[in-house]
Amino acid sequence: MNDGQLIEAATRRLTQALDALEAAIERRREADRSESALAAQVQALGDDRSQLAADLDAASARAKRLEAANRAVASRLDATMQSIRAVIERSG
Numbered sequence: 226m227n228d229g230q231l232i233e234a235a236t237r238r239l240t241q242a243l244d245a246l247e248a249a250i251e252r253r254r255e256a257d258r259s260e261s262a263l264a265a266q267v268q269a270l271g272d273d274r275s276q277l278a279a280d281l282d283a284a285s286a287r288a289k290r291l292e293a294a295n296r297a298v299a300s301r302l303d304a305t306m307q308s309i310r311a312v313i314e315r316s317g
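Note that my numbering has the sequence shown beginning at 226, numbered continuously upward.
It is possible that some hints are incorrect.
Distance ranges between label pairs, derived from CB positions [stated by the list, open to error]: (1) Ala-278 x Ser-300: 29 to 39 Å; (2) Gln-307 x Leu-277: 41 to 51 Å; (3) Ala-293 x Arg-258: 44 to 54 Å; (4) Ala-264 x Glu-292: 51 to 61 Å; (5) Ser-300 x Leu-277: 26 to 36 Å; (6) Glu-292 x Asp-272: 23 to 33 Å; (7) Thr-305 x Ala-279: 35 to 45 Å.
Hints listed in this document are in silico derivations from the structure and should not be mistaken for laboratory results.
For glycine and all other residues, C-beta sits at the position ideal for the given N, C-alpha and C.
Using the sequences and the hints given, assemble the complete structure.
Right, dumping it as structure tokens:
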């Protein structure tokens with residue numbers, strides 16, 4: 226090989242190496258973008274989970290209040306029914 230051929234071969238190898246480096250840089254950038262998108266999704270899921278937990282706590286508290294109100298109403302109905310029965314028995 227003469228000097229011109231050696232320089233041409235070295236130039237091709239350098240170009241190939243630069244192309245490979247640019248491709249590697251682009252893959253790294255894409256991986257970084259994907260990582261950022263994934264981190265944003267994880268954050269959004271965490272926020273959703275927190276909101277759902279708060280909603281569940283509120284629904285549980287409401288269910289407990291409704292159960293207590295239901296027990297109170299049932300107790301009053303029982304007392305009312307007993308009073309009505311007593312009145313009927315005295316009348317009959």
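Here is what the structure says about each hint:
1. Ala-278 x Ser-300: 29 to 39 Å: Distance hint for Ala-278, Ser-300 holds at roughly 33 Å.
2. Gln-307 x Leu-277: 41 to 51 Å: This hint holds: roughly 45 Å between Cβ atoms.
3. Ala-293 x Arg-258: 44 to 54 Å: With Cβ atoms ~53 Å apart, the hint holds.
4. Ala-264 x Glu-292: 51 to 61 Å: violated, 42 Å
5. Ser-300 x Leu-277: 26 to 36 Å: holds, 35 Å
6. Glu-292 x Asp-272: 23 to 33 Å: holds, 31 Å
7. Thr-305 x Ala-279: 35 to 45 Å: holds, 39 Å
Hint check: a violation occurs at hint 4 only; the rest are consistent with the structure.
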